[in-house]
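**Q** Sequence:
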Amino acid sequence: MAKEDLIELKFRLSDGTDIGPNKYDPSTTVASLKEFILDRWPQDKEIAPKTINDVKLINAGKILDNNQTIAESRVPVGELPGGVITMHVVVRPPVLDKNNDGQHEFNLYKQESEDFFFVSTVMMNPEELYIK
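Count the sequence shown with my numbering and you get residues 715 to 846, in order.
It is worth saying that the hints were derived from the structure and are not from the lab. Just so it is clear, CB atoms sit at the ideal spot from N, CA and C, and this is done for glycine as well. Hints may be right or wrong, so weigh each one.
[Claimed, not checked] In silico SDA-like pairs for lysine to any residue, Cα to Cα no more than 20 Å straight-line: (1) K764 - E722; (2) K770 - D719; (3) K776 - P756; (4) K724 - I751; (5) K764 - D779; (6) K776 - D753; (7) K724 - I777; (8) K724 - T743; (9) K776 - L727; (10) K759 - V803; (11) K770 - I751; (12) K737 - R806; (13) K764 - L752; (14) K737 - N773; (15) K764 - R754; (16) K737 - R726; (17) K759 - K776; (18) K737 - T783; (19) K724 - T783; (20) K770 - D732; (21) K737 - D719; (22) K776 - R788; (23) K724 - P740; (24) K737 - G797; (25) K764 - L727; (26) K759 - D719; (27) K737 - W755; (28) K724 - F750; (29) K770 - F750; (30) K776 - T742.
[To be verified] Per label pair, the in silico range of CB-to-CB distance: (31) L720 - R754: 26 to 34 Å; (32) N781 - D753: 16 to 24 Å; (33) V798 - D758: 17 to 25 Å; (34) E786 - E760: 15 to 23 Å; (35) K737 - E760: 15 to 23 Å.
Please work from the sequences and hints to get the whole structure.
**A** So this is what it looks like as structure tokens:
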């Protein structure tokens, strides 16, 4: 494949930091991109995805399907020839983690559309949790 046919992508995390940019073959799947993101996830982040299913990639406002290729998921409107495409990364953190002392760790979220954004973690007995 000619070097000109490669697509340059970077991945923007929720705190504004980036992974990349790197060049990819247009036949690369979204699942492969997510694997790349997992391998290069910054160690200093409080929330880290464990599997590709914990990661959502968004391009031009569309959530990309794991089976799609980059070529299939591109939205060429507004792209500049030779420019870097920024895809946004949303992580769905774990919802519940049980501890040995009878308490549970609840991750509280603020829900906006289909995506969840981490707010805080609370330790308490399940019967003490009241949501208004």
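**Q** Against the earlier hints, flag every one the structure doesn't satisfy and list their numbers going up.
**A** 1, 2, 3, 6, 12, 17, 26, 31, 34, 35
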